[in-house]
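Protein sequence lines, in the order shown, are assigned to chains A, B and C.
Each residue of the first sequence is one higher than the last, beginning at 39 in the working numbering.
Each residue of the second sequence is one higher than the last, beginning at 39 in the working numbering.
Each residue of the third sequence is one higher than the last, beginning at 39 in the working numbering.
Derived by calculation from the structure, the hints in this document are not laboratory data.
Certain hints may be false.
[As the list claims (entries may be wrong)] Cross-link-like lysine to any residue pairs, in silico, SDA-like; alpha carbons within 25 Å at most:
id, chain 1, residue 1, chain 2, residue 2
1, A, Lys-394, B, Glu-399
2, C, Lys-352, A, Leu-336
3, C, Lys-352, A, Tyr-139
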Amino acid sequence: MPAVRPPRGKRAAARGPSPRRPPGYTLQELVALLGGAVNAGAECRVHAVAPLERAGEGEIAVASQAAQRTQLSTTRAAALVVPPSLQPEARRPCIVTDHPYVYFARLLTLLHPEPPFRAGVDRTAVIEPSAKVSRLASIGPGAVIGRGAAIGPGARIGAGCVIGGGVRVGAHTRLHANVTVYPGCTVGARVIMHSGAVIGADGFGHAPADGAWIKIPQIGGVSIGDDVEIGANTAIDRGTLDDTVIEEGVKLDNLIQIGHNVRVGAHTAIAGCVAIAGSTKIGRRCRIGGAAAISGHLVIADDVTISGGTSVMKSIEAPGIYTSLPPLLPHREWQRNTVRMRQLERLVERIAALEKRLAKEESAR
Amino acid sequence: MPAVRPPRGKRAAARGPSPRRPPGYTLQELVALLGGAVNAGAECRVHAVAPLERAGEGEIAVASQAAQRTQLSTTRAAALVVPPSLQPEARRPCIVTDHPYVYFARLLTLLHPEPPFRAGVDRTAVIEPSAKVSRLASIGPGAVIGRGAAIGPGARIGAGCVIGGGVRVGAHTRLHANVTVYPGCTVGARVIMHSGAVIGADGFGHAPADGAWIKIPQIGGVSIGDDVEIGANTAIDRGTLDDTVIEEGVKLDNLIQIGHNVRVGAHTAIAGCVAIAGSTKIGRRCRIGGAAAISGHLVIADDVTISGGTSVMKSIEAPGIYTSLPPLLPHREWQRNTVRMRQLERLVERIAALEKRLAKEESAR
Amino acid sequence: MPAVRPPRGKRAAARGPSPRRPPGYTLQELVALLGGAVNAGAECRVHAVAPLERAGEGEIAVASQAAQRTQLSTTRAAALVVPPSLQPEARRPCIVTDHPYVYFARLLTLLHPEPPFRAGVDRTAVIEPSAKVSRLASIGPGAVIGRGAAIGPGARIGAGCVIGGGVRVGAHTRLHANVTVYPGCTVGARVIMHSGAVIGADGFGHAPADGAWIKIPQIGGVSIGDDVEIGANTAIDRGTLDDTVIEEGVKLDNLIQIGHNVRVGAHTAIAGCVAIAGSTKIGRRCRIGGAAAISGHLVIADDVTISGGTSVMKSIEAPGIYTSLPPLLPHREWQRNTVRMRQLERLVERIAALEKRLAKEESAR
Chain A
39 MPAVRPPRGK RAAARGPSPR RPPGYTLQEL VALLGGAVNA GAECRVHAVA PLERAGEGEI
99 AVASQAAQRT QLSTTRAAAL VVPPSLQPEA RRPCIVTDHP YVYFARLLTL LHPEPPFRAG
159 VDRTAVIEPS AKVSRLASIG PGAVIGRGAA IGPGARIGAG CVIGGGVRVG AHTRLHANVT
219 VYPGCTVGAR VIMHSGAVIG ADGFGHAPAD GAWIKIPQIG GVSIGDDVEI GANTAIDRGT
279 LDDTVIEEGV KLDNLIQIGH NVRVGAHTAI AGCVAIAGST KIGRRCRIGG AAAISGHLVI
339 ADDVTISGGT SVMKSIEAPG IYTSLPPLLP HREWQRNTVR MRQLERLVER IAALEKRLAK
399 EESAR
Chain B
39 MPAVRPPRGK RAAARGPSPR RPPGYTLQEL VALLGGAVNA GAECRVHAVA PLERAGEGEI
99 AVASQAAQRT QLSTTRAAAL VVPPSLQPEA RRPCIVTDHP YVYFARLLTL LHPEPPFRAG
159 VDRTAVIEPS AKVSRLASIG PGAVIGRGAA IGPGARIGAG CVIGGGVRVG AHTRLHANVT
219 VYPGCTVGAR VIMHSGAVIG ADGFGHAPAD GAWIKIPQIG GVSIGDDVEI GANTAIDRGT
279 LDDTVIEEGV KLDNLIQIGH NVRVGAHTAI AGCVAIAGST KIGRRCRIGG AAAISGHLVI
339 ADDVTISGGT SVMKSIEAPG IYTSLPPLLP HREWQRNTVR MRQLERLVER IAALEKRLAK
399 EESAR
Chain C
39 MPAVRPPRGK RAAARGPSPR RPPGYTLQEL VALLGGAVNA GAECRVHAVA PLERAGEGEI
99 AVASQAAQRT QLSTTRAAAL VVPPSLQPEA RRPCIVTDHP YVYFARLLTL LHPEPPFRAG
159 VDRTAVIEPS AKVSRLASIG PGAVIGRGAA IGPGARIGAG CVIGGGVRVG AHTRLHANVT
219 VYPGCTVGAR VIMHSGAVIG ADGFGHAPAD GAWIKIPQIG GVSIGDDVEI GANTAIDRGT
279 LDDTVIEEGV KLDNLIQIGH NVRVGAHTAI AGCVAIAGST KIGRRCRIGG AAAISGHLVI
339 ADDVTISGGT SVMKSIEAPG IYTSLPPLLP HREWQRNTVR MRQLERLVER IAALEKRLAK
399 EESAR
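Could you build all of it, start to finish, from the sequences and the hints given here?
Below, the structure is given as structure tokens:
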């Protein structure tokens, strides 16, 4: 079976230098490969990325924020990556770039590549005869591929994954262990799904009838675009009639709930534990903080940022940052304060009464 | 092995018209099967349900809300289902019913039935010899059925499910792939559990002792009534001494946490990401919005509605709608406002001082 | 294969008296084994623990709180465990102890021990040849043990678990069914992980570039100390460069999200549905209530208690209880109140205007 390199470098198990090129790279070579400018020490050779505070011989560290200024003067890293603004503080050979955080990503990919994976189907996997699995895909132990499903070249289906009938998984997509994709869903190319993710469970649709509930069958699917990442234990429900849609480049963290018929616009990033109720449309390039909750049937514009922990109960029409959070207080203070919070109406009445009485005084004078 | 039809229509993989009866149904036939009245076009034939905005030839669409009025005049659906109030707007053959949303459920079940499933045990499943699996049940690839467990007729245990020792699963219950049920739990009939659901993990019980924690063994189980639905990645903990109880007809969405010793009353519906702490009793026919959080050891009355995102810290004795949400604001406004929220006590003091001073002025006059 | 007793008593499936010693224990024997003092009825024999309200013949019940006082007088339990303060109310033979809740834990462990488990590897498990599995460990059906992983003596890996390459699992650690541990993570001794837990998925790190996101490879791991318990469907992400660290004795409930590079201090207990964003450091012996959310890059001191549902947006430097919760109100009251909450700035202006006008009146007199 042919060995296949993953499309993007992500190192799986062993930490440490690249196995391919033990001596690492000189700064000059890094600049040739990844961009940036080297000011001094072009021949300095590094083989690993490490944090400023513990980087040592052969290791390169990245500083991207002004807050790291003091660490720059004390680091023992062999070399540094810095933005122009921090260059004066850098006492080590360094690469200067306008986008150190992007450089950090590229450096990790280059110096800590994932080991190549072996294409092929584990002997304990269960593949329905009508499924089409690319000869260049990898199917892990105990994985199940349903009737008529199609797994693209370079795709990796981890151990214990269950892929339902008719599912299409794009090229170079990686499902880590124990992911479940229900029948009829579509997954793009270069998608990453983490363990425990569940794609395509029934949306929460029940019609009330005589004090009980009648289930609304959910006959839509889930459509996931290219380059999407989906975190551990995140759930995306199938649509009622049409698909729930996650557009290309969306990044979803862990333990997120996406209700049925939702659409998440391209390149939106959503942090952990966010809940998005059914039929809501989220714009493109939005950023949603952890543990935020968004009600159903809303429309959130493009380029909206929602702070962590915020509850969104109505549509947001303009880009900007939105927040709804009560203040954090020592508990005793909170107890007093919360009584007042319940009594705002009464406070307003007291102010209005004062205004009236004072006006009377003033006119009486 | 005998083929078995599922008890309620849920279509699994392929979308599209019913495989059983390609020509579909006339409106007259639908009314005979499902109720309602047909006003015109009784011979109009439909084979699929579609949303108003994209329904076309051979497709029937359902309008249940006044907000869909304008769509009614432009839809290209072959036929419509409407409540009496929307009938004047309907320019297509239509079925009139007082409960269009329930009709929608029934129509989907009829026109988009699930394919029949095949009873039998997959050759890769692991069944303990002492387990009792009905000849009419289906056990998927890699599923594990523990010692002394009992799986009822028509039940379907999906791929990768792990059913602990002594568990009883009722007739026609369906566990989608990768569900875990711990030993000693009881699951009723016609229950649906979605992937990643975990039933019967230990309740969170630890006794503090000398700065560390001693685990309280959790020897109760979980008891799940008939016709319950449990969403993806939802967790229901086993009780400490007695069972955690989910009564009949309860509907739980995804990523819900139900603590140990909780009881959820019959026909209550709980949306995604809700957290219910230990020993709380939820009444019957409650509706709990997404991402709400309910503290432990509370009692919530029957017929209570709790808004999404709401934190409930004390028992609720009367039916009604309850809410606790801070207002959503543009971030800069929130920053100013939150300072004031912390200073309510100071505001009250200023008002009281004003009242005192003004009274003095008034009496001085 | 040798039979191994679990290190701590947790009973798995069948409820009821200990199979080892059918006649149970007298109170005198219990006191000799577990401490406490017996005041009367030293020969009274019990074989099971039950709650006060339903305990009967042969059963012992534990009362730890003043609120249980009235139940003490009516209980039909054969014997009781009480603190000195409740002893006067106890009309049954009883054991008196200063720590009845700890006693409860020990009593359950003694009277309801888990059945011994059988060491060995299920024939359907997939073990990489380079993995080192102790002869005293148990590997369940369909479990997968990756390349170079090491499973300690007395460890139990449940059905469907996937253990990545290079993972080390300590002695007597128990992973319930369907747990996933990514490559390169370290799990201590006597750890308990519940089903659906995911350890070591990629942290949520993406660098913005040209309106899209570039993935930051996450090359750190997760390090879990001894005696940690991790709840169902909880996710702990691997670190970016260094490990995410869960120190010894930490107790995590279900559906918790721990971001990359987080450190949770020893013996901290975190209830269900809590979200902790990346790089935050939580102190030792903290208690975090359910559904709380903690922002990234914060430092929370030792011995801090955070109320359930609370959002923490800044570091906490001193021990104590902290809360941020809006008041719970009937929905109509909330609607009026929330309008006022948005208008606090306006209220402050009205008060300031009143103060100014009143001062003018006062000086005019």
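Comparing the hints with the structure gives:
1. Lys-394/A x Glu-399/B: Status holds; Cα separation ~14 Å.
2. Lys-352/C x Leu-336/A: violated, 30 Å
3. Lys-352/C x Tyr-139/A: holds, 24 Å
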